[in-house]
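Model the full assembly from the supplied sequences, consistent with the hints where possible.
Number of protein chains: 2
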Amino acid sequence: MEKIYASLITIGDELLIGQTIDTNSAWMAQRLNEIGIWIQRRVAVGDDKAAIIKALEEEGKNSRIVLITGGLGPTADDITKPVLCEYFGGKLVQDEAALQNVLQLSAMRGLPVLQRNLDQALVPDVATIIQNKRGSAPGMWFEKGGSIYVSMPGVPHEMKGIMEHDVTGMLQARFETPALLHHTLITAGMGESFVAERIMDFENNLPKHIKLAYLPNYGLLKLRLTSISPDKQSAANELQHAFDTLKSLVGDILVAEKDVTMGEVLGEVLKAKKLKVGTAESCTGGKIASLITAIPGSSAYFNGSVVAYSYEVKQHVLGVQAETLEKHGAVSEKTVREMAEGALRVLDVDCVMAVSGIMGPDGGTEEKPVGSVWIAVGGKGKIVTKLHRFRYDRARNIDMTCVAAMNELRKWLEL
Amino acid sequence: MEKIYASLITIGDELLIGQTIDTNSAWMAQRLNEIGIWIQRRVAVGDDKAAIIKALEEEGKNSRIVLITGGLGPTADDITKPVLCEYFGGKLVQDEAALQNVLQLSAMRGLPVLQRNLDQALVPDVATIIQNKRGSAPGMWFEKGGSIYVSMPGVPHEMKGIMEHDVTGMLQARFETPALLHHTLITAGMGESFVAERIMDFENNLPKHIKLAYLPNYGLLKLRLTSISPDKQSAANELQHAFDTLKSLVGDILVAEKDVTMGEVLGEVLKAKKLKVGTAESCTGGKIASLITAIPGSSAYFNGSVVAYSYEVKQHVLGVQAETLEKHGAVSEKTVREMAEGALRVLDVDCVMAVSGIMGPDGGTEEKPVGSVWIAVGGKGKIVTKLHRFRYDRARNIDMTCVAAMNELRKWLEL
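One line per chain: the protein sequences are A and B, in this order.
Mind the numbering: the first sequence is residues 1 to 415 in full-length UniProt numbering, read in order.
Mind the numbering: the second sequence is residues 1 to 415 in full-length UniProt numbering, read in order.
One should not assume that every hint holds.
Since the list gives no way to pick one copy over another, a pair counts as held whenever it fits inside one copy or between any two copies.
What the hints assert, rightly or not - In silico DSS-like cross-links for lysine-lysine, where the CA-CA straight-line distance does not exceed 25 Å:
#1 Lys133 / Lys208
#2 Lys232 / Lys380
#3 Lys334 / Lys160
#4 Lys380 / Lys258
#5 Lys411 / Lys273
#6 Lys247 / Lys211
Treat the hints as calculated values from the structure; they're not laboratory data.
Shown next, in the form of structure tokens:
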């Protein structure tokens, strides 16, 4: 069975000047992997005809499938459609379904229809048109020299709609693909080098078509096994066997047996134990709560939070003693413990996380440098505290604190 | 003056299977832009020798500068260093400074030194070595065929340290670059097509070396002017003139005169008015607070938040009436108004945002479909409410709600 390769081309100056972070590519790669297609290259180019054509030519040689996003909007900087039309030797014609879609969208939004909106329904006559139910620019499927090219809008939720509704199914119908399987586990508390030493024999003895990758991630370490094989059932069995062995080798540092967020890990534990959680956050400013509530169904185990940034909120809402703040400061074991106790009471929960630290860039002292964070976790009468020291910038210190707090509570719950 | 082009190559299977979102590229592009270097291509390839060499060859032809990240870790899946060593015709030798760095890092972490850690100090003898103060893998600067290649670790804060401390300065010393200037403004409340109609004459009359881009962004629209010109001073004046004209054309829908987040926009307004803000969040689960506190110095205007996910927290902490919840439900004008009133009182702030909605995927009804959100903003005795309806997935509904709430408060403050 032939291995099917794909390339992704993302188009837009905003990607090249760093104004936009490309989240589409990762999402598309996941969807293609699920149907056994391996991305071998991702290329980003600007809104520039020569650069787009060069990328189309090269990636058409590299891959049987070329997915293209971006540059399909109604404004003058969007040139992808005319460039594709010329490259594939077509001319622009009106697509009736796309036109109805544009008219309907304008009507729904109560807006007049402009010529530039109507132009969104002009499509190359050499393309198979894929309707866009979430926006005005349709998807376009071209074929040339044995490769398939699919152009989609760059707006993430529009691209996702077109991919999920049409493109993945159309690709599956076209290609017989091998099984491409990933299995990831997450560890905490041991560095990449030491884990590698411990599982060296395992790694050396893996069959050739199973690959092991190490992915350090916010103080955690993900280990990913990837298998590519023609037979889905035997590949799945073999990968499961390797995964079980790996799991047994890292049992003492294992956090999760799949690639999930720490919020999901914690959510599973809380659900299993039928416990309610809340947070009292100073330096993370609500981010722990937002990571927990990003997960659908989190209302089953999350009650709420107090984001206590000011001294007043720490005192009046959480009941931290004025004396504690005066004597020990906001970033202290005593304060974070009183914050945790207050949250247990106020939010009426079974367990809590409380954090108070200095995230930077300012506010550090010699005794409490930027990155110092007190974390308290626990339940009524059983609160444990720990001082963490991160050494990063503000954004990363906040993210590391969130993951560390959730991991501390997870460990406390599993004791 | 020659225009200096750069390519970025990111290496790692995790980028191609969608396990990791590439945030490095955007950051690096911003830093290069600041020193007048234009990224023309970004390429991502896997941990695969042939793919890495092909990318090096192609991008060396495309660009004078090729920045490479990833694949420098201490584990077997990291192959970038030996591949680069072979490609540039060197052999691995020990670098004394890198060795000392490795030993010091291990000592600081209280860990024994493994052979694979020591190996991090082996470097190609044909490279100029750039020390990594935040990790064990040093940066490497190669030259070949008139192009410069710089290899850096993929861990973001390590790459950033090397870029900021050394690489940007080294590139500046090497190239005389044109002025590459961007100027962005943000509008709200008018679609891309309609803004384009309004500023069509302006756009058509822009000088050739100034480019206008439209970037829709969470219900806002960014308009970016980019100028490339040899003379920095005249370019700056000319761009400022064009920007002022653009600003005057969109004055009624203008949100900000630079490319900032809505949290930053709101923060500026609050600082100028010397007001304190807080939030009462149900469906956003603390994300509005976390966006506000992501900004250094936000403690000057942010007191805290109550994340009221459960009915109990809404009642007991914010004082929402049981009758209101029973009669109107949590997602209602009356509830969100009482949440806002409660937050004003409890957090002792001058103004608040309160949100309650259904973010999905579950919980929608015919009357209140997924994406329905009540938003309340205002101050004591002057609260205004509005129902928004978003039509996206959970993550995007949450993000849209955060931006909408901050924008509503901004408008209220500027009335």
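Where does the structure disagree with the numbered hints, that is, which hint numbers, in rising order?
-> Checked against the structure, the hints that fail are numbers 1, 2, 3, 4, while the rest are satisfied.
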